[in-house]
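J.: Chains A and B, in that order, give the protein sequences.
When the first sequence is numbered by this note's numbering, its final residue is 570 and no position is left out of the sequence of numbers.
When the second sequence is numbered by this note's numbering, its final residue is 582 and no position is left out of the sequence of numbers.
These aren't lab readings, by the way, just hints derived from the structure by calculation.
A few of these clues could be false.
To be verified - Capping the alpha-carbon separation at 30 angstroms, the derived lysine-lysine pairs in DSSO-like fashion look like this: (1) K244(B) with K341(A); (2) K500(A) with K514(A); (3) K259(B) with K88(B); (4) K498(B) with K500(A); (5) K485(B) with K498(B); (6) K137(B) with K500(A); (7) K356(B) with K485(B); (8) K137(B) with K548(B); (9) K514(A) with K137(B).
To be verified - With beta-carbon atoms standing in for the labels, derived distance ranges: (10) V473(B) with P539(A): 55 to 61 angstroms; (11) P335(B) with L346(A): 37 to 43 angstroms; (12) F245(B) with T273(A): 35 to 41 angstroms; (13) G517(A) with R511(B): 57 to 63 angstroms.
As the list claims (entries may be wrong) - Negatives, chain A to chain B, calculated, CB over 12 angstroms: (14) V125; (15) G140; (16) L206; (17) L249; (18) G271; (19) T339; (20) S398; (21) I429; (22) I488.
From the three backbone atoms N, C-alpha and C, an ideal C-beta is built for every residue, glycine too.
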Amino acid sequence: MTFSLTLSASDLLLLLPELFLTLWLCVVLAVDFSFKRVVQEQLAYLTILGLLVTLACLAWFDMSGITGTLFGKMFVVDRMAIFFKAMILLATVLVILLSIDYVHRFSLFRGEYYFLVAMSALGMMFMASANDLLSLFVTLEFATFGFYVLVSYLRDDMASNEAGLKFFILGVFAAGLLAYGISLVYGETGKLVFSDMSGATPTTGLVIGFLLIFAALGFKIGAVPFHSWIPDTYHGAPTPVTAFLSIAPKVAAFALLLRLFLVALATFKPAWALLIVAASILSMTYGNIVAIAQRNIKRLLAYSGIAQVGNVLIGLAAGTKMGSDSILFYLLTYLFANLGAFAVIMAISNSVGSDEIEDYRGLNRRSPFLAFAMLIFLLSLAGVPPLAGFIGKLYIFVAAIKEGLYVLITVGLVNIVVSMYYYLIVVKKMYINEPLDSSPIKTTGPLRAVIYVGLAGTLVIGIYPQPFLDWAVAATLMFSNLVGPAAAITPPVTPFGG
Amino acid sequence: MAEYTLLIILFAPFLGALALIFVSNRQVSLVRGIAAGSAFVSLAASVYLFYAYDSVKGGYQFIQRIEWSRQLGISLHLGVDGIGTPLVLASGILLFAGIFVSWHIKDRMKEFYIWILILAAATIGVFMSLDLFFLYFFYEMSVIPMYLLLGMWGSHTKKYLEMTDPEGLKQRDSVGFIFNFGANSKEYAAMKLVLFLSAFAVAALMGILLIYKFSGLNTFDILVLREKAHFSGPLATLIWLLIFFGFASIAPIWPLHSWSPVGHAAAPAATSMLHAGVLMKLGHFSIIRVAFEILPETTRELMPIAAVLCIFSIIYGGLVAYYAKDTKYVIGYSSSSHMGYVFLGMAALDYISLSGAVIYMFAHAMATGMLFAMAGWVYDQTHTRDIPSLGGLSNRMPFISAAFVIGCMASIGMPGTVNFIAEVMIIVGSWNKYPFQVVVAVLGIVLTMAYLFKMMRGLFYGSMAEKYSHSHDAVAVVDRMPLLIMITVSISFGIFPGHLYSVVRSGVDPLIARITKVVPVAELPMNIPQAGSPTMPLPASREAIAKVTSR
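Extracted from the complex, chain B is given alone in its bound form:
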């Protein structure tokens, strides 16, 4: 049974979606039951996976390999390492929570659950693919459900996206990139999202095809390509750039981010949760899985690109979030800003910082999931996301406002939440290589505090308009449960990060060792001098490792 864990995690949502097709929309409880049941099976299996993953052994585990096409050299090759495991768990948690967050959807509920299950299953599929073809297959498959989810159950963004700067001048997010000409409909947001992601996905596909051709191995298998394919020179640079920017668009790295906040703002709550919580991590994960694994040399040469761009992500995203007036837009830009931290952690190519980046992805999934769930709740109650017109809601919804404070704290990285661990690891790990970026990142944390506190105050404190006096708190178990799950996960891993850390380290160590050709310090006998380590300044990071590992 245990060896089929990955198949269960992956196919439970697909089978749930398939079963839902044959259920009538009128059987509300059956529809909810199937959706929640299949999500629960997937979640339970991913919890099992997380704790059964042997972090001492490391490497790829729970491997499944099913021949799929001989001619093309494709097989459904599934397996997780220490990087994929926590992300699979995060997807499982957010899918389960998302089912309950959207419990009260009235319009075409069955179809909503079908698409959200397919979206989550496709996302999970990317995190466990060991075949380039299936990685792309699931990646592209996750885009289309987003279109329908945004278009059918989303909300128009109206004028919320306009921002006012301190002098009272109207601003628009026009620095972003092309296509950002500020239409306010959900159709626009959905179409922009799909076209943007597809356009960059085909760039990544070109990279994958080039890997396929020039490896000469007639296979898409990542494990084979990792061992036997060697790329160098301009070709390696080209492939790396295609892979990096193709996948970084979904991450979303500045300046390819502009689809993301608009998409968040238009999406229904559960979709935003999955979108910000796990869909965005597909970008980082795919870069790690493809570029880091197959092109280690080029990664070492070119990863400074990410270190430069992440500054803009952090600062730009934070500033826009500060001036934005739409709750979801604030959270969306905060996500885009926080993804800059992950890029910083990845760019430093250090054991600690990359582990921090992976833990940050997990932590951010929980924190942003909470915030989006609560923003969705507030929107359902008040039918507006305009922060200036809201206020004082803590009188009406004490539970939500308390949870919102916790969500903000987690997002900022308060000690006691898993975000804190991740942020500290990123900052400590990147300090040697990118001190300037670390300073920016720390300032970014201050900025995060500023906009999240501003939003928190704007929503829940101050005086309340009379028309919101009939809004309700989340009282029922189904309404509180998703938030409680995410809060529990965030805090318990914040206090006991040991297993999460060792799982992530078991995935990060061989990867960084391959890229930097430096063996992790902790595993070396101390009296042997470091041989063949031209790139890494070791002594400082030894202390850093000692600090974090003794935790």
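Here chain A stands alone, though its shape is the one from the complex:
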């Protein structure tokens, strides 16, 4: 293969969001170093400004249809990459808003915190564009690198250090598996770019190689049986980092999974569908059942996150255009509900100083707004209409039933009921039980902003999902050649013949 090392201006244009963000991060770091008096809030807003400009740039790409590939197809800019990058940037902006009050708890390096968060976001943006095995490895490690530091940012807190160590050791192990898998696949096929691999013959080495790659990506999304790091890391990490960890790496890893399974392995679908179905059933069932026993809200959301990933995997198991639409759409609904829930957790933790579910007693009397917001977010995660999560779940189920995945859908439906139990236990604490301490809970501006964004996203997508569905459908046009039922393309029959 040949790399064209000369970059023309139009090539640079494709890299514009990433290049701009890189430069902006240097500026942030320079400001932090040079002006010792700069207040860290200002640094946060400076970072957010850069992220928003990048987001605007992506919006321009999306609207004017700028797409293309770079570096011998290693780096691809298509509408799906743009969709994922937009989600990652949105999550990062919200996480930085979440962090503003929290950063005071760090004894050192408050400025670098924002740099590290945005740098991880940059890594994940590259992940969304990775189009061959090498860039997959490099971008994955680039994105994870920032998280290793962020998870253990509370230097004096044993739990945070433990979380960081666990995350690091298992993360490095996963990286080893990934590198080994890539070497096997390359050895068998002699190809690196996903789209070149589609005609490969399935040999034992190739199968093992892809299994190893799937294991490494399964580690990133936290699917059972690669989930073991999730509860302790979520529990011990600083809460805004947990929020970041609970959504952004999953989003980015799903971009890679989609490219890997629906582009490189499209022809082997019957073989890997079974693997995904198994991972999905295990994740949903294990996550939901273990979540019932949790007493800490961060651990509860960790296990519920495992279950949610199981739900998303249903869409991957369907393996069609509609399945990929449903994954994009579901992740969008999950982003709003999950980050909103973490904003409420932060507000309570800032005021009460604890994350135990017991401390949510009587929240409705202490702060009706926070209780209502948490209710909406949890019910959206549970999949109750008219909230976004319900549409997301339904879309995934419809995509799966078109492929005839009846067992998987049955398990998914039963799991909705199971998950409703533990979400409602939190609702019971908030609404039904009387508070032990009835002092009102104050929320700060940035946290309120995140909660409002979360509420708006959850309610608007739930009540009028059409524009978001259109966006997701347009983002995955590259998969429209996948074998699927003809009904997916024909317009629905209407009673008036329209």
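Position chain B relative to chain A; hints supplied.
T.: Leaving out everything else, chain B in the frame of chain A:
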């Protein structure tokens, strides 16, 4: 304006709930005003709907269709037929009455009204949905407000749920079903209700998804599926069973009923009213709308299941109600028993009996609404629902006790109340097909008399304990109005059932004609012999129709 009637009925409570969010809890009269105002708008529009519905034309009317999702083939497709119209009216009446029944709630009043408005609006949404997706959407949406209403404003069921049989042995309602291990807290009741209903709702959702897939039409629209989708064989049976039992759990059919009386007992009065009055009818209505419309053949084959189960509903519910000591538990089990009559009316698949079943749903909403409102009033005054410890309250509350007698009479089906019409139609209509069930149903009426009179005597007559001497009657207009509304509706439709009957018949006729492939007798010229009517024994039902239609 008229074409937007359904949107007004549906969205007035939602907008009321939305407006309430921005009102402070301290502005009590404003909160009450918004709640009552939005409920009144919805009620007025549903009264208009009921009288503007053209029963000669029949079919689905006031249709609204708003494209909602192209990819999934979903549109907000609203419309009512003769079956939905009276149920929308019943929901409107019970919501309006429920707002006044809960007029004196002190704790978090604003939130109470928000949730009750959402609950009622979601219920109304099911009755007018012509899209399977939105039917499920509103159905599931009505469950969560129940959790909060029960949990936040409900009352613990304490030891009331224990029953003593004639030999003095303590009994518990353990025949019911799993999960019935007798905890006594409102949290338990609320959680049980939500999990039970959600578990069966997802079964129904599976059925809906299977309809979506195997129809191959890429749409959730009931009107399209009704015309173009055909299911047969084991698949049709599976879908029908999922739909039937998924929705029958909320009806609640025996043995899926055990969440219901416990939920009634824990719920505040207005919630019980809506729960028993309209929420339970979601089950029957959804079965009619989905299973009857889309799977007519399978319905004809499998509906005997309902005919068997309804016997247990009627007798079991009646017996438990007889031995129960908690007022709301008695009314709750009586509701569950009376829903067996609706299932009997549905199972017979006859013009008269199905019309009777629909009118019974309407009638039962009024009767049970009254009883729950008054049980709530008695509880507010005496702080107990334990029948043995109460008594002689008619001295203190003459209005309530008089209204309670009327409520009991309506519930039993005295001539002069709309319940009588409905019961007679169910009994007459099912006689040809299910004579045994009809005998059981008539015995069930006797049983109803027994437990309602027993409760009436226990509450209002006999000697009164000294500690209840400070309890008050309902004197204020706001307290009497809800009861008077429901009594008026029940009696006036009992005396003049003509319009209600013709509206219901206009919805039932095409449905039964599709299922049984028999054209209604009254519409046939008498000299043409009946062709292609293999299933129906006609001559007897012709007389029956002639009897009822000449009323």
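J.: All the hints need checking, so say for each whether the structure fits it.
T.: Results of checking the hints against the structure:
{"no.": "1", "hint": "K244(B) with K341(A)", "result": "holds (21 angstroms)"}
{"no.": "2", "hint": "K500(A) with K514(A)", "result": "holds (21 angstroms)"}
{"no.": "3", "hint": "K259(B) with K88(B)", "result": "holds (23 angstroms)"}
{"no.": "4", "hint": "K498(B) with K500(A)", "result": "violated (34 angstroms)"}
{"no.": "5", "hint": "K485(B) with K498(B)", "result": "holds (22 angstroms)"}
{"no.": "6", "hint": "K137(B) with K500(A)", "result": "holds (20 angstroms)"}
{"no.": "7", "hint": "K356(B) with K485(B)", "result": "holds (10 angstroms)"}
{"no.": "8", "hint": "K137(B) with K548(B)", "result": "violated (56 angstroms)"}
{"no.": "9", "hint": "K514(A) with K137(B)", "result": "holds (25 angstroms)"}
{"no.": "10", "hint": "V473(B) with P539(A): 55 to 61 angstroms", "result": "holds (58 angstroms)"}
{"no.": "11", "hint": "P335(B) with L346(A): 37 to 43 angstroms", "result": "holds (41 angstroms)"}
{"no.": "12", "hint": "F245(B) with T273(A): 35 to 41 angstroms", "result": "holds (36 angstroms)"}
{"no.": "13", "hint": "G517(A) with R511(B): 57 to 63 angstroms", "result": "violated (50 angstroms)"}
{"no.": "14", "hint": "V125", "result": "holds (32 angstroms)"}
{"no.": "15", "hint": "G140", "result": "holds (27 angstroms)"}
{"no.": "16", "hint": "L206", "result": "holds (35 angstroms)"}
{"no.": "17", "hint": "L249", "result": "holds (37 angstroms)"}
{"no.": "18", "hint": "G271", "result": "holds (31 angstroms)"}
{"no.": "19", "hint": "T339", "result": "holds (25 angstroms)"}
{"no.": "20", "hint": "S398", "result": "violated (9 angstroms)"}
{"no.": "21", "hint": "I429", "result": "holds (14 angstroms)"}
{"no.": "22", "hint": "I488", "result": "violated (6 angstroms)"}
Taken one by one, the earlier hints fail for this structure at numbers 4, 8, 13, 20 and 22, listed in ascending order.
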